[in-house]
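Participant: My request is simple: use the sequences and hints to build the entire structure.
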Amino acid sequence: DAGVTQSPTHLIKTRGQQVTLRCSPKSGHDTVSWYQQALGQGPQFIFQYYEEEERQRGNFPDRFSGHQFPNYSSELNVNALLLGDSALYLCASSPLGTGVETQYFGPGTRLLVL
Amino acid sequence: KQEVTQIPAALSVPEGENLVLNCSFTDSAIYNLQWFRQDPGKGLTSLLLIQSSQREQTSGRLNASLDKSSGRSTLYIAASQPGDSATYLCAVVHGGSQGNLIFGKGTKLSVKP
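Going line by line, the protein sequences match chains D and R.
Per the numbering used here, the first sequence starts with residue 1, numbered consecutively.
Per the numbering used here, the second sequence starts with residue 1, numbered consecutively.
These aren't lab readings, by the way, just hints derived from the structure by calculation.
Some hints here could point you the wrong way.
As the list claims (entries may be wrong) - Not everything, but these chain R residues come out facing chain D in the computed CB check (under 10 Å):
| hint | residue |
| --- | --- |
| 1 | LEU19 |
| 2 | ASN32 |
| 3 | GLN98 |
| 4 | ILE102 |
| 5 | GLY104 |
Built from N, CA and C at the ideal position, the CB exists for glycine as well.
Facilitator: Written out as structure tokens, the structure reads:
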């Protein structure tokens, strides 16, 4: 059983560009959450998707948007990149339409904005 | 606003020692609390999940306790090994939420051979 997978593993962009990160949840999981982890900090919640809808959102600007597909995979899009967007982006999945069960994390995508 | 704090920020111990990592949260209305391990540059591995109605959970050499009323959790690691070296993160799910995790900044553990 493949766990949570994310692509790409690393990415380098310049300020003002746009980026798309991808996540495939663990088999049997239907809820996907995205987190941003800056160096030396704990992960910060960006948003959560369930049934192809954004169900919850953290304190992130509208430049951060997402999508969930019918197969439960998800994308995170960031527009007009800033230097401060450099971070490890983590995807987590959970079952049963809720995030209150154990959340399983992917390996992350390391984004560097120059 | 829920805030999670972990003390100490870093800890270095010799191999074989028993150790305790601390986590505190400001709002006791939590649904559950999870402890994670993170190796450098990697994703998070779930170690233990404690539901709000539980007092502790055990897995191998790990034991996590929860005192919801005082807003505290501890992670006890017995007979530490160099392979335990990693950053340990504590996170809570706030009651009434859909499960977004609120994390502390972590404790970086180094176990010396």
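Participant: Could you run down the list of hints and mark each one as holding or not?
Facilitator: Checked hints:
Here the hint on LEU19 of chain R is broken, as its CB sits about 20 Å from the closest CB of chain D, past 10 Å. A cut of 10 Å between beta carbons decides the hint on ASN32 of chain R: the least distance to chain D is about 6 Å, and the hint holds. The interface hint given for GLN98 of chain R is met, as the beta carbon of that residue sits about 5 Å from the closest beta carbon of chain D, less than 10 Å. The interface hint given for ILE102 of chain R is met, as the beta carbon of that residue sits about 7 Å from the closest beta carbon of chain D, less than 10 Å.
Nearest Cβ of chain D to the Cβ of GLY104 of chain R: about 5 Å, under the 10 Å cut. The hint holds.
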